[in-house]
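Engineer: So you can see what is in the structure, the chains are spelled out below.
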Amino acid sequence: MSAASVVLVLGDDVSTDVIYPGRYMATVLPAETPQYAFADLGVFNAKLKAGAVPAGSVVVAGKNFGCGSSREQAVSALKGHELAIVAGSFARIFLQNAINLGLRLIEAPGVTAAEGDELAIGVTEVVNLTSGRRYAVRSLPAARQAIIEAGGLIPYTRKRLLGRSAAR
Amino acid sequence: MGMTVVQKILARASGRSEVAVGDVVEPAVDLAMSHENAALVINQFQAIYEGTGLEPTLWDAARIAIVFDHRVPAESPKTATNQKRIRGFVGINGIAKFHDIRGDRGGICHQILPESGYVLPGAVVVGTDSHTTSHGALGAFAFGVGATEMASIWALGHAVNVEVPATIKVNVSGVLPPMVGPKDVILHLVGKLGAAGATFRVLEFHGDAIRAMSTSGRLTLCNMAVEAGATSGIVPADAETIRYLKEEAGVLEAVHPVVPDRDAAYERTVDVDVSALAPQIACPHTVDNVRPVSEVAGRHVDQIVIGSCTNGRLDDLAVAAGILKGRKVASTTRMLVFPASGRIYQQALEAGYVADLVRAGAVVMNAGCGPCLGVHEGALGDGEVALSTTNRNFKGRMGNPASDVYLCSPAVAAASAVTGVITDPRQEGKP
Ligand code: SF4
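Protein sequences appear in the order of chains V and S.
Counting from 1, one number per residue, gives the positions in the first sequence under the numbering used here.
Counting from 1, one number per residue, gives the positions in the second sequence under the numbering used here.
Since the hints were derived computationally from the structure, they do not count as laboratory data.
Just so it is clear, CB atoms sit at the ideal spot from N, CA and C, and this is done for glycine as well.
A couple of the hints might just be wrong.
To be verified - Stretches of chain S that chain V covers, calculated by requiring three or more beta carbons in the stretch to come under 8 Å of a beta carbon on chain V:
id, segment
1, 37-46
2, 150-160
3, 296-308
Unchecked claim - Okay, the calculated beta carbon distance ranges per label pair:
id, chain 1, residue 1, chain 2, residue 2, range
4, V, 130, S, 363, 48 to 56 Å
5, V, 35, S, 212, 46 to 54 Å
6, S, 379, V, 120, 38 to 46 Å
7, V, 109, S, 77, 43 to 51 Å
Unchecked claim - SDA-like mimics (lysine to any residue), calculated; alpha carbons at most 25 Å apart, straight line:
id, chain 1, residue 1, chain 2, residue 2
8, V, 159, S, 43
9, S, 169, V, 45
10, V, 159, S, 158
11, S, 78, V, 141
12, V, 49, S, 169
Pulled out of the complex, with its shape left as it was, chain S reads as follows:
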């Protein structure tokens, strides 16, 4: 029986010639990522060694990445002290893949890992963040774990007792219409599968629409695979993956795509034709509450947010700047933009996007998680409505359980910024 991409990766990483769904394996980890929650990982890591007489020892500091993003610059003395402790640990252990609060090499973990060339096709990537699924965009098997599980990986170098997941094949065909993009595809798919529709499953993406999609778009897709409950999303690596890694991520070594066998066994196949797809929107308070934008068009918006690991890349900012250039954010709304990384921030400066957005009235914030998780900046008032290109709209997600969050693409967000109400970008500007 043939194997899916994830089966092939797990077989290689656990030293077996093949694995079947349900087998229990202990895959060696190629990259283990944490953000500020490394503070808890360090605590749990040290707890493992208590009473053993063994010195706490990282299995391989070169395979550990730590990126400060959730609260940068620190919003409180507590966070600053956590960050200080982590810096100390990083220094003592010589963790080179450390991204501190910096304008040049800082940013959101799910952007920093790909753009730094840390993730290669066929790798096993774990992260103490649920959106670690993002890295499947490069053909890796990437999944989220809790802090204690990460501490165990830091000690052992492999994940313990991993059940080989079943794979759902997602065939995405057709050409995306104007003003419709990868975010609309994944919102549509999450709506179709439901919030738990892919729990303990992997979504493996295929089809001509995926082949034609940039790595940036694939990151958006895989990022939100977890919103359907999936363990991971994965796009089998191809020429675009190699192009991205060589040209944008500075990878010098040879890149070897892992592709599924022709007779790989999928649990089922889901077909999505995007040729007639309309811009999508997820309504409060679940990500799978998805409709075409037209159904809620006209609703007043208090705050527009563009950014995050989902849609804070250069192409996203280009779409927003393209719509807002020479125009103004409506006086009845406010607009926050936060690029996914310092590098993207610089590229957006050089391309003139930052100037276009600021002149239109947007506030361009530093790279990081910012308003996405509602602990830091950009809080909403009671009863307020946000329209955001982020990935979650759960009650309280942006910091205020008495507010509403809608999720959409950068095109919908930018078009709505001009009007101050939820707007279909295909209609925007028409009388």
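This is chain V alone, in the form it adopts within the complex:
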């Protein structure tokens, strides 16, 4: 179990247009995207840029987080700040992008929290230490475990390629 503070609370259907607005899509390199994380949520974006949000802080949201565009900047921007996302559910492409880039996602149906709450995040359960409520964690797709364990899709694919060339 790790304990972490909730720094932002959002509702259902948060689209990648909200996480990383389309007008910054010309910026592609993962090292350059974090400055535009939640760019239209001015106050929160300013905090992120000022370094006022510690790594490991949590964003809590409802169902279907990351819906819409497949833009991977929406993941690299959050990963750059080492945020963790606890949400009721995730949209498919966002979920896969997050696993591929090593962004920490926790699917906890029904989760609720307020800004400033402390969460204890475990493998099977999220406990809101402030409200006392507990939420079961739904595990990420089993098929993707190997990628998570490899530390992301780049090292995973690298391993597969090396395995292939060794087999030749």
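Put chain S with the ligand on the given structure of chain V with help from the hints.
Structural biologist: Then chain S with the ligand, alone, in the frame of chain V:
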């Protein structure tokens, strides 16, 4: 147990005689598409090879397509430089399915792939764009991936660890009433399923209304399958698919439709009868916030947008031109039209649609994504309202989080252009 279309495609592509829902497979990819985000794919592709001692090598340049569409012509030095880098990569690697910024063979990726004959029934198509679902209209299994996943596919030639998705059968029956079209059907369906109603599922379309629908209409349907969260939409290929591929897409080789088994197992069936369907509209700020147009009729509109990969094809422009010919766009609104491809632009010129639209006061822009994603042209002012035939109305989607976007069909958009307020096209022109 019988298989759905997607199960059959995944079985073939992963060298198995059958697959069941939940099986993990690694399907060979027939076509891998990117647009300007190829800049990121190239970066990630090169990162895969770092420290391996191996030369970065594309698995098959002939199966890679790159189409510039999101920001054409480039809106900034940054984009232009990204595009320049991609051109360099394309040249070095001999990627022939490359569509640069051109009036003849350029356009939006989801139109270029079908009209160029790149997508065949039964194919596995991946694209670094969520609306890659569009290509299911030709009976292919087509889904969106992120840039890093595409880089992995460029290296390996197959997608890794794909779970065989469950399929929802969507039965669309009845005859579409006048002024009601495929866009109304898919808006209605997204409203019914909800924005996450089909997550990790495939929507397989059946029914007499689908059989009677053109490939253009099927592209509209499958395009927006992702707005219900679906991995993909698919229309099993039929005579119309073969007609389109031979007559419009110039495919010379034999086309083999893949159809589901009679006893295919669907997770559930959703029935939609379109005979009494009214024109639909998705209200701000989610695509599943759908109502009949009549419920919001009369609301002032600042900007009408017709185009995109959803509704920027010739039949869409024909509907708009038919309504606007000899009339004027209301002085209280402005109208932007952007065809889905250069080819469609030319066809619309030859058919006189462009002249009809321009004379009415519309601005006809170049083929590309244009105002759809709000980075390039056609931005909205604070508090302004847009009515658009595109596919997304999320806060900020058209570039300004302080604006409202409504989504509708070309008929609703054109009828509303004449009045300057949201208008039911069945009422338009009546006293
Ligand atoms: S037209 Fe819009 S939805 Fe279609 S590919 Fe372009 S940006 Fe995406």
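Engineer: A range of 43 to 51 Å was offered for this pair. Does it hold for the Cβ distance of residue 109(V) and residue 77(S)?
Structural biologist: For residue 77(S) against residue 109(V), whose Cβ atoms are near 45 Å apart, the range 43 to 51 Å holds.
Engineer: Checking C-beta pairs, does the segment 296-308 of chain S have three or more residues closer than 8 Å to chain V?
Structural biologist: It is violated, with 0 qualifying residues against the three required.
Engineer: Within a Cα-Cα threshold of 25 Å, do residue 49(V) and residue 169(S) meet the stated pairing?
Structural biologist: 47 Å, violated
Engineer: Between the segment 37-46 of chain S and chain V, see if three or more residues pass the 8 Å beta-carbon test, and mark the coverage as holds or violated.
Structural biologist: holds (count 5)
Engineer: Given the range 46 to 54 Å, decide if the beta-carbon distance of residue 35(V) to residue 212(S) lies inside it.
Structural biologist: 51 Å, holds
Engineer: Quick check: the segment 150-160 of chain S, covered by chain V? Criterion 3+ residues, Cβ under 8 Å.
Structural biologist: Held - the segment 150-160 of chain S has 5 residues with a Cβ nearer than 8 Å to chain V, which meets the minimum of three.
Engineer: Could you say whether the range 38 to 46 Å given as a hint is met by the Cβ separation of residue 379(S) and residue 120(V)?
Structural biologist: 44 Å, holds
Engineer: Holds or violated: residue 159(V) with residue 158(S), Cα cutoff 25 Å?
Structural biologist: Holds, at about 15 Å.
Engineer: Does the Cβ distance between residue 130(V) and residue 363(S) fall inside 48 to 56 Å?
Structural biologist: Because 53 Å falls inside the window, the suggested range holds.
Engineer: Given the hinted pair residue 159(V) and residue 43(S), is their Cα-Cα distance within 25 Å?
Structural biologist: The given pair, whose Cα atoms are some 18 Å apart, holds under the 25 Å limit.
Engineer: Between residue 78(S) and residue 141(V), does the CA-CA distance stay at or below 25 Å?
Structural biologist: Not OK: residue 78(S) and residue 141(V) at ~37 Å, beyond 25 Å, violated.
Engineer: Straight-line Cα separation of residue 169(S) and residue 45(V) no greater than 25 Å?
Structural biologist: With a Cα-Cα distance of about 42 Å, the restraint between residue 169(S) and residue 45(V) is violated, given a limit of 25 Å.
Hint compliance for this structure: hints 3, 9, 11 and 12 are broken, all remaining hints hold.
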